[in-house]
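Q: Please model the entire structure based on the sequences and the hints provided.
Under our numbering, the first residue of the sequence shown carries the number 985, and numbering increases by one thereafter.
Take every hint as true, because none was put in to throw you off.
Okay, the calculated beta carbon distance ranges per label pair:
(1) S1505 / P1884: 24 to 34 Å
(2) K1023 / K1488: 56 to 66 Å
(3) Y1313 / A1742: 41 to 51 Å
(4) R1719 / S1833: 45 to 55 Å
(5) N1402 / N1041: 53 to 63 Å
(6) Y1162 / S1833: 47 to 57 Å
(7) P1855 / A1742: 18 to 28 Å
(8) E1840 / E1536: 47 to 57 Å
(9) H1310 / Q1920: 32 to 42 Å
(10) R1254 / N1041: 28 to 38 Å
These are computed hints drawn from the structure, not numbers from a lab. These figures come from a predicted structure and were not determined experimentally. For each residue, glycine too, the CB sits at the ideal point set by N, CA and C.
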Amino acid sequence: MTRLFFLCLCLLVPFAVFAQFIGFEEQIPETFTTSRGSKLELSSLYYKEGTQCLQWNYLPGATLDVSTEPLLLDTKKEASHGITLWIYNEKSQNDSIRIAFLNKAGEVSYWFAYQLKATGWRACWISFEYMKGNKQSNEIVAYRLIAPRQKGRIFIDRLTFPMKEMNLRTTPDQQIPYNNELSFRDLWHWCRVWQWEQYVYDLPLATRLTDKQRQQLRLVEERVSEAVDVKKAPKGQVDAAYKLFREAHIARSGSGFTGAPLVAPDELDRKKGELSWNDLETMLSGFAYDATYNHSAQAQTNYFTVFDYAIDQGFAFGSGMGTNHHYGYQVRKIYTTAWLMREAIYTRPNREAILSALYFWSALQETRKPYQYGRDELLDSWNTLLMAKTISALLMPDERERERALKGLSRWVSTSLNYTPGTLGGIKVDGTTFHHGGFYPAYTTGVLAMVGQFIAFTGGTDYEVSVDGRQALKSAFLAMRNYCNLYDWGIGISGRHPFGGSMKENDVAAFASLALAGDLSGKNHLFDYGLAADYLRLVGDAKTPQSTYFKEQGIRPAEAPQGFFVYNYGSAGIFRRANWMVTLKGYNTDVWGAEIYTQDNRYGRYQSYGSVQIIGKGHPVSRAASGFVEQGWDWNRLPGTTTIHLPFELLDSPVRGTTMAKSKENFSGSSSLNGANGVFAMKLMERELKNFTPDFVARKSVFCFDNRMICLGSGITNSNAQYPTETTLFQCAYRGGEKPVPGRYWLTDGYDNYYHVAEGDVRVQVAEQQSLHEKTRAQTHGVFASAWIDHGKSPKHSGYEYMVLIQPDASQLKKVEEEQGYRVLRKDDTAHVVFDQSTRITAYAAFESFQLPDDELLRSLPAEVLVMRQPDKDCIRLSVCDPNLNISEKKYTTKEPSRPIEKTIVLKGNWKLATPHEQIRVVRGNGQTELTVRLQHGQPVECLLQAL
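A: And the structure:
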């Protein structure tokens, strides 16, 4: 009988009236029918779109049937297609609505249950892939809602069926807990809040707290209060709250609210006046400031009206709001101002609803267990939700629960700071910090500030971060100190923000927080002197309590970092002397070259094509003061890179979505000797993408000694006959003064750096350049001084050689002009080898294995290795490095670790290690010595050799 009724229903309903999106603003579609005794009507009591929704008054077990245009599922559609709607439930019940999908025979192959435990608006998004059912029939002609076992009503709005492109980050929640298994991947941490809600504390709840525990909790609370205290209500933020509140028309209705719908950004329509989490933040924070500092009773009333509305709209415990990805960036001030309002929150009759919403969305529940090794995207969590977690822990009314929550959070922070494997987010063994599967300073700034702040909150208590965690964090602080000058980093490591990003005031303050947390140098000082000195250098003339204290303790500002720093998790090297810094950047099979979005860094393809960027001018030193500005910038000419000079429309982002191209070559990165001098080398290979030239290859190297760089290129080859291939010496904003003049021994970039080209067809210009903005494509212009080596169109085995003197004095310029001070011993597709006369260093970039019959020390080198050697009294100092991380899994991100690689270097004669080294095995015989070096994480291994 049911099947017969269903067939008749399908035949009688005209399919032509079916609409994919239904907002229920004008009428109930003819395709909607309900069983006898139940009723469908339009209602304005609640709504999630427009001003009306569908009200379904149902009897126990009643059905709401909807006929649709026939949908035939295949494997692809099963994953991409689904249904999205919002459901308003007025009464909590331990029951569910079952939603089933039927074929022409009325058979159900796909179904799911939507739990009705929560009240208010909740999202119902699910793809066919994650539904229940036998999935035997792939034809769908209707779907059916089956009512719970008790009489009642629900309200439905924002219905889309079929949703043809389901959001990949659909969030499982209390309503559909088994939804979207992708969210259980380590990557989608935003969407795991309900999964974590199932965690149970493995820490015991104290029967009662000791006086010491109470004192420590009060101390942490006082520090948090001091941190969030803005002293005076910011008028602009207060005014913005009132303005938005008026525009939202929030009003109580029924058991909930009407007003501007609150939805996730992915379905937000600003033109319709809809709101998202950042609007909640605007209203809640503005009203909290007004209530706290101006003692406004109206603001306090508005604050709780907005919070009640937010919970009713889905910003509540157990709600995923369809997709919650990246919500942390939009809710931070909700938490800091909730702390200001905590006493008022405690007096509210629905305080549990408010507190549970705050706990849930802070993801504090993740910290009920120890940090899960291999969990991805830590930088987002630290940056956006660590303060939220801290405040949520401290908001718990029961002091015993506060103590346990803070202890669990401290444990989680401590262990999450440990070095992460592979390309997962977090801190790497070389101090680089990873996000989106790559070295990403732009996401690190803010992270250091937030973790440093947590360290400051908990210092000297039982909740302080562990020594191991702080040691790992210190390596990230020191790395950022090294790759920033003073606060800016190079374009090569900028991700999708080529001219943006720098250390901020809060990041600098975090140096002091970590220093004061305890000495990590092993010298048992009262605090960490090195970090304190770095803080004084970075804070400059600003007078702070920390700077005053450090100075009183005899600490003086540190000098700028000096030396060569190896960061092969980013295929990068940092070369520093005096107050200048050079960023050297490549890419390989494990390290992407640039992060390119459709509307971010769209012309950034060449960031890692062997870039050599000098930042060394300004007070303080900065990227812009060193000549790197976006207005008029030619995106083809980042210094040091070898590129095909394309029109911007061909250089533009070639694919829809994100481009994070990795090479098919393993060999790209840097090495150092004694931490002072270094070498960078790469096998450049362009990928096969639209508007790329996949046969574009080159071998590039940069040898760094004192303030000199010798830049070599060989094997530059490609088939692009339309556009020239170039190697850029420099491109800097021209601000008057000396211009580069072709034909002279030295070319100058106008920033006291001098270039001598020994091989290559040099082109020079000072001209106004027209360019396009990397986000908007808006036209920009500026005057730049530029110099490049022209390899011509479709070059075959082209090469170059040039030297850079960084901020030399006149006497050095003259001396080098008379005698260049270095010799290129080899430059071909097999190896680049350079001897530097001043330092007496010989450095080798071996692209392929080769013999060295004329070398005084080395007999042979394996392929893809960087070697440096230097006399050291009666010994020879030797460093060996393979920058390849040797990660087996080549994915967007992977928890597969860097694997060891062994390289065997053959020396002439008999040698021994001056000091045994666990990573070096020595075998002597037949008048030669074999050094087998065990390498990992792209780090150089160094030793002293003694002749026998």
